[in-house]
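When you get a sec, could you build the whole thing from the sequences and use the hints?
Numbering (the working numbering) for the sequence shown: 18 to 221.
Everything labelled a hint here was simulated from the structure, so no lab data went into it. Cβ atoms here follow ideal geometry from the backbone N, Cα and C, with glycine treated the same way. The reader is advised that the hints may include incorrect statements.
[As the list claims (entries may be wrong)] Simulated pairs of lysine-lysine, DSSO-like, Cα-Cα distance not exceeding 30 Å: (1) K81 to K207; (2) K201 to K80; (3) K179 to K219; (4) K207 to K27.
[To be verified] Pair by pair, the computed Cβ-Cβ distance ranges are: (5) E213 to L150: 19 to 29 Å; (6) Y215 to E128: 18 to 28 Å; (7) V34 to T134: 36 to 46 Å.
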Amino acid sequence: MCGVIGMLNKESQVDIVQIDRLVNLIKESSIRGVHSFGYFNFLENQCLKYHRIEEVIEDIILKKPEKLIFHNRYSTSGDWISHANNQPIFSDGVVCAFNGVISGGTKEEMETTFGITLETENDCEVWIKRPDLRTALLHSTSVSFAGIWSEKGEIYYARNSKRPLYYLEELGAKWLASTEDIFKRSGFEKKPIIVEPYEIRKLE
18 MCGVIGMLNK ESQVDIVQID RLVNLIKESS IRGVHSFGYF NFLENQCLKY
68 HRIEEVIEDI ILKKPEKLIF HNRYSTSGDW ISHANNQPIF SDGVVCAFNG
118 VISGGTKEEM ETTFGITLET ENDCEVWIKR PDLRTALLHS TSVSFAGIWS
168 EKGEIYYARN SKRPLYYLEE LGAKWLASTE DIFKRSGFEK KPIIVEPYEI
218 RKLE
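Here it is in structure tokens:
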């Protein structure tokens, strides 16, 4: 079990209320995993990863991102001590964070099965490097997936029936988070909508 958060600000400037809610989302999402916390900084085009929640919160308050892909990890594939294996994963110009399991194999087994060369031991790279398989992976009975990813500056999201993901519009922004309760406990007023499974959508 892991947590994912997506945010796309639609106003001209991020305000203190949006950042406050984002910080609340991160805190509440931490019940889904505390091994690592990371987000993709679109302005600097890099993933920032931490082992302590206080560090990621401090960084987000400082940088005030206008859009974000965030992940907090409950250790799955790859040693979480090494941030190379922690999400979001950024490779080939694509950044991705997801909750679930695409493959339980070793790095070598995933490379053989999917015909790819991996930079990490995390199965998130399969989603990044095999875009031709994404729809099939969503429908695979052996895959559980609720993810947010970005390529060419656009943010996309999808899930299958084995993992939850919720969508909400509030405070001049579009939001994604793993569960309805996370939104509620974070102080949002509107009721989030569960994302329909198996369909890839753009956050816009």
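These are the hints, each one checked on the structure:
1. K81 to K207: Holds. K81 to K207 sits at ~23 Å (cutoff 30 Å).
2. K201 to K80: Holds - the C-alpha atoms of K80 and K201 are around 25 Å apart, at most 30 Å.
3. K179 to K219: 20 Å, holds
4. K207 to K27: 17 Å, holds
5. E213 to L150: 19 to 29 Å: 20 Å, holds
6. Y215 to E128: 18 to 28 Å: Check passed, 27 Å falls within 18 to 28 Å.
7. V34 to T134: 36 to 46 Å: 44 Å, holds
Consistency note: the structure conflicts with none of the earlier hints.
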